[in-house]
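Input sequences plus hints: build the corresponding full structure.
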Amino acid sequence: MLSLKLTTIAILATLTVAAPSPAPAPASTVTSITTSTEEVATKPFSFSQWVDDILNPNVVALTPEQALKAYYQSINGTTTGTGEKATELAKRAGATCETDNSKRMPVADAVYLVNTMAAAGQELVHIPIPFCSKSVCSSPSGRSSLIGQKDCNLWVEEPSEYWARAGGLIMDACTWGDKSGGKIVMPANQFITVLLYGQGY
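Our numbering numbers the first residue of the sequence shown as 1 and each following residue consecutively.
Hints are computed from structural coordinates only; laboratory data are not their basis. There's no promise every hint is true.
[Said to hold, decoys possible] Using C-beta positions, here's what the derived DEER-type ranges look like:
| no. | residue 1 | residue 2 | range |
| --- | --- | --- | --- |
| 1 | S133 | P187 | 14 to 24 Å |
| 2 | P140 | A188 | 23 to 33 Å |
| 3 | P130 | D53 | 35 to 45 Å |
Quick reminder that beta carbons are idealized off the backbone N, C-alpha and C, glycines included.
In structure tokens:
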């Protein structure tokens, strides 16, 4: 019996237990992605988002001067807002852009108008019967206006902030270079068309 135990021990001692070999390294999952210059270009400043920031009490919004500076910085060295790009932006926003420069306004005037309306918040703006259109806000020079148009037989009334939001959407779609201008149906009231209109520029 002793001889059998010794023989068993001797056999076990000579066995080599192979450690499990490490799993093969997975094939590389890195994928090469090619991005066009247009896709990585700086996004233009959003005036509609700026309006939302002004109206949000929990957000410290940019001042008009800071917003204007941010806009010019975002388009520096780009051609955003011209040609086919402008048409695409206008379609997406539902705006119709004014292409006659004499009816467009300086970006600074548009910023002033939109900021003024946003600052008025819930203050109601109305266009009574029988008026078909009305300038609801004008620039200090009097040459740029935010205008409301509607059916002459309708009385319309909406808070100032709704006019500001519509103006911000027009600016997002129709601002290029140093000017802005166009029109859009107010998202909050389909009976009102809002215009950013310049005169004699």
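We went through each hint and held it up to the structure:
1. S133 / P187: 14 to 24 Å: This hint holds: roughly 19 Å between Cβ atoms.
2. P140 / A188: 23 to 33 Å: holds, 27 Å
3. P130 / D53: 35 to 45 Å: holds, 38 Å
Figure legend: structure checked against the earlier numbered hints; every hint is met.
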